[in-house]
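Chemist: Taken in sequence, the protein lines are chains A and B. Going by this note's numbering, 88 is the number at position 100 of the first sequence; the sequence numbering is gapless. Going by this note's numbering, 118 is the number at position 48 of the second sequence; the sequence numbering is gapless.
Everything labelled a hint here was simulated from the structure, so no lab data went into it. It is possible that part of the hints are untrue.
Chain A regions said to be covered by chain B (calculated; three or more residues, Cβ under 8 Å) [as the list claims (entries may be wrong)]:
#, region
1, 46 to 58
2, 226 to 237
3, 318 to 329
Pair ranges (Cβ atoms, derived) [to be verified]:
#, chain 1, residue 1, chain 2, residue 2, range
4, A, GLN36, B, PRO119, 35 to 43 Å
5, B, GLY234, A, ALA238, 38 to 46 Å
6, B, ALA368, A, ASP41, 58 to 66 Å
7, B, LEU121, A, ARG29, 39 to 47 Å
8, A, GLY83, B, ALA271, 54 to 62 Å
9, A, ASN107, B, ALA113, 52 to 60 Å
10, B, PRO237, A, ALA23, 33 to 41 Å
11, B, HIS98, A, GLU292, 52 to 60 Å
Listed below are several chain A residues computed to face chain B (Cβ distance under 8 Å; list not exhaustive) [stated by the list, open to error]:
#, residue
12, THR85
13, PRO86
14, SER176
15, MET177
16, LEU366
17, GLU367
Built from N, CA and C at the ideal position, the CB exists for glycine as well.
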Amino acid sequence: MEKVRTLLAGLALTLVAATAQAATEIVFYHYQTGAPGKTLRTILDDFQKSNPDVVVKDIYKHSEQITGEVQAALAARRPVDVTSVIGKNIVFFAGATPAVALNDPKNGDAKWLDAYLPNFLDAGRIDGKVYAIPHSYGTPQLYYNKDIFRKAGLDADKAPRTWDDVIAAATQIKQKTGMAGVAHLHASMGDYGTMVMVTNAGATYLNKAGTKAEFDSPQGVAVLQMWQDMAKSGIMPVANDQQWGAAFQAGQMGMYITSSAALRGFVASAQGKFDLGVAQYPLWKEQPRRVNNSGAAIMLHAPEGPRREASLKLLRYLSRQDVSNHWSRDTGYMPLIRNPQADPAMAKYIAEFPLVRPSIAQMAETLPTATWPAEGTLEAQVHIKNMLDELWAAKRPASAIVPETVRKVNEALSVNLKK
Amino acid sequence: MKPSVSLAATVPPLGATTPPARRGRQWHLAPFLYLAPMIVLLAAFTYWPLLHTIYLSFVQWNMNPDQPMRWVGTANYRGIFNSPLFDAAFRNTLIYIIASIPLKVLLPIPIAIFVWTLGTRGQVYRALLFLPTLFSFTVVAVVFLWMLNPIGGHFVQIARLLGGQWPNVLTDPDLAIWTILLISTWKVIGFNTLLYVAGLASINRDYVEAMRLDGASDWRLVRHLLWPLLTPTTLFVLISTVIFAIQQVFTPIDIMTEGGPQNGTTNLFYMVYQYAFRTFNVGFGAAGTVIIFAFLLAITLLKMRTLDRHVQYQQ
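Chain B with its partners taken away, still in its complex shape:
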């Protein structure tokens, strides 16, 4: 079938030049017009607040429009770094991030493979796994607070029935952070599993059949086929988990421990909230936000630089 006459007529011959004015409109203005709605939204709700936050991190101000902002240079940053909270918040942030990798990034992979191998029968498991994602984190935190209550809570009663004793996990500085981590893992593991299941669903089943015909074991199948082809999903899950790891634990920290015991569960995100909204120190809150932004940006760039080359995008 011949190409349509109208298309042939509109496409210029190879090597032909377009008048400059028309070319400018076509190649420079049009893409920006298409992008404009998103650029405007990003500029208004992401980049402007970011720039304003950076500015606020260098001033002292109490949000009263009638009182002037006082330029204090790097004093807010020095104040944050010297704060009794910062060391604990930074150390705990690293724990939350590093522990999230095996718990929230790697653990969902075998679960997803298990659910994937079940085919349509796996839908019940998928639904059960995804269910905690739908619960409000506030409700989850309150329910866990009840269950972990050292006075007659469910865990205490079960341990007593079994002849044991349940430790007071929320008042032990060594155990509290792991309790928060496990609760947040329970909450998000279903979502990450679902992402991996979606990644697995995009793998061509012919590859699996071919390896099976060649007598590949389950382990070889996972090691040499599924794992490489899941790397784009893994990179996405890794980056999003690291970025959200410290946000995800905000609600249980606020409701269950207020950052304690002995600053054992606080993190940079919660510290910023406390400065900005509990004690109205806008400068410290903004400086803390900029520190978190720089920290997460550095981690993300590092991950993309080191891990991206290992990602298998081609199937």
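Only chain A is shown next, with the shape it has when bound in the complex:
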């Protein structure tokens, strides 16, 4: 009897070992930490439970460093299967790394991609091939302090709808309370902030190929003149994103336009301190709203074979409505799947947490973030950052600064046209 037990135990161990050996390990690079990091791991664990033949090893890298880290891992031939890539780097990554087209017939039926809104997939679509699926997307929205609105004699239940409303409210806040009225994020090198502002005004920030800036159009100059006027009039104190964010969370600024990804943090900061309001991104002269997404998409780098198959299984899993909505609910990122309210869990969440409504309403109004080529990008972005510094210093009007900047940006990017 003892021998039989030993034999059975041995067999069981062998079976477990064999199963473990048979499982395919895939490596997922991401920049989620804290609560979103835990949510991601929970989702990956759930995936593993339903797919015991796959083990997902997740590797965290800071959002500023993830692109370089993934590049270094690829250069060192370390396994890289699934990666979070900042939106503006997708085109570069598609060209410079062995990225896999997700709708390539070799990778099976691509119908699962239809779950995403087509405009969300556009950021990862190059020449008809889809290289990236949306994942940690944000959209710019207006956060406002209802208590400051009341103090300034404004209707706290009526959020500003247009840029004219925003400027009027900010001016009133400044005059009546002496507090800062409004700020608009600039983001790294002023790139994303400028992109959103000019795109919403109807201008083209960069052409599709990312080789030519076109925001010196009348709409572009007009909206950037408004940004200068905000600084010049003192309704927007000249500072950076961290300082504006800190001031808004401390209840010292009336309105702040920044990513929906900040919602969770702002709700926590406002708790017991002030009444937080959230509204959609302001309209420009009653034109349709056009805002670019921020954040990261997911790309596939796994080589052909079991790792690619396992990675595709994971991507298909992430595209499921219930999984994607779970990710959105727990992290505050934008919902990504068509008609998210059709999911009862999501409908309940929206009913209980109405502050998320503006970002859902903006899903259909989202445009893909502009992507940059590799060469000349730093020089171009330096010119854009310097443009913002000069605009806010208000020594020359936007009509003089913006065309000069666009010329310099295009000069820097012209190296890509010579190829």
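Once you've looked at the hints, dock chain B against the given chain A.
Modeler: Frame of chain A, contents of chain B only:
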């Protein structure tokens, strides 16, 4: 006491010759064996990366092992020199280095002498001065960003209480670089002070007593005794401060200004980081690194050539 028999037996008489093979092992192989661990580490982690960086500075490559490196000659160097960032980065690098000499090399000397004169009572000051060195520079940069916030930051509030107005130092191209410099000085001054205190502790107290007995004033003591005997420490602090001056400010630049306003705070080190890791231009990043290496090597050699003769190594 007589020398031991065994030692006398092993030491060859003066003028005696050693067999060539044995001599070769003794005088040529042995030192290298002792040095081997360090040589291997230096070769693997310093010299090979340096040589590879020089090679990368002449190619165009995006770090994709499946894509070939394209030889572009000096194009990356020309690209760097023509970059709109280079002039500002180079000018600011010189400011960071030159301003570091009075702030980080000379200012700690009187502080160190003060702490040294306190003897054991100075330990509290030493600890207080050294404390900022232990803080993460990221934390320091974030805290200063809060304190300098033009919307209700601590400096703004204090200035308001005093009836004044605090300038927006991080958005003023003329003030931002000095703000970064002062923050980095606050961070490293304690460490350099400690180095000087260690230098002072090695000075024979008898010299001090002798000068005191001769009626020397404090100034004469400093001028004719402490300063000359501190010159080896000063040279070390000077060289290390100059080499690290542009690295030390990397974190506050990245967190507080991103090199702005109007490229007012960037430097060569930050420019290289931006090329290599923000826009993945490996060739430009490598060329910038080689330029920094050559620049710092030239400065160090110049300093050693001009200053070393003034250093008092003998006590």
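Chemist: Between GLY83/A and ALA271/B, does the C-beta distance stay in 54 to 62 Å?
Modeler: holds, 60 Å
Chemist: Restraint: GLU367/A near chain B, CB-CB cut 8 Å. Satisfied or not?
Modeler: Holds - the Cβ of GLU367/A comes within 8 Å of chain B, reaching about 6 Å at its closest.
Chemist: Given the hint of 58 to 66 Å, check if ALA368/B and ASP41/A actually sit that far apart at their C-beta atoms.
Modeler: holds, 60 Å
Chemist: For PRO237/B and ALA23/A, compare the CB-CB distance with the range 33 to 41 Å and indicate the outcome.
Modeler: holds, 38 Å
Chemist: So the hint says 52 to 60 Å: do the beta-carbon atoms of HIS98/B and GLU292/A match that?
Modeler: holds, 54 Å
Chemist: Do the beta carbons of ASN107/A and ALA113/B sit within 52 to 60 Å of each other?
Modeler: Holds, since ASN107/A and ALA113/B (Cβ atoms, about 53 Å apart) stay within the stated range.
Chemist: Holds or violated: is the Cβ of MET177/A closer than 8 Å to a Cβ in chain B?
Modeler: Holds, because the Cβ-Cβ distance from MET177/A to chain B comes to roughly 6 Å (cut-off 8 Å).
Chemist: Given a cut of 8 Å on the nearest C-beta pair, is the interface hint for PRO86/A held or broken against chain B?
Modeler: The hint holds - PRO86/A has a Cβ within 8 Å of chain B, the shortest such distance being about 6 Å.
Chemist: Using the Cβ atoms, figure out if GLY234/B sits within 38 to 46 Å of ALA238/A.
Modeler: The hinted range 38 to 46 Å is violated for GLY234/B and ALA238/A, with Cβ atoms some 22 Å apart.
Chemist: Three residues or more, CB to CB closer than 8 Å: is that satisfied between the region 318 to 329 of chain A and chain B?
Modeler: violated (count 0)
Chemist: Count residues of the region 46 to 58 of chain A with a Cβ under 8 Å from any Cβ of chain B, then say if the count reaches three.
Modeler: holds (count 3)
Chemist: Are there at least three residues in the region 226 to 237 of chain A whose beta carbon sits under 8 Å from a beta carbon of chain B?
Modeler: This one holds; 8 residues, not fewer than the three required, reach chain B with a Cβ under 8 Å.
The structure shown violates the earlier hints numbered 3, 5.
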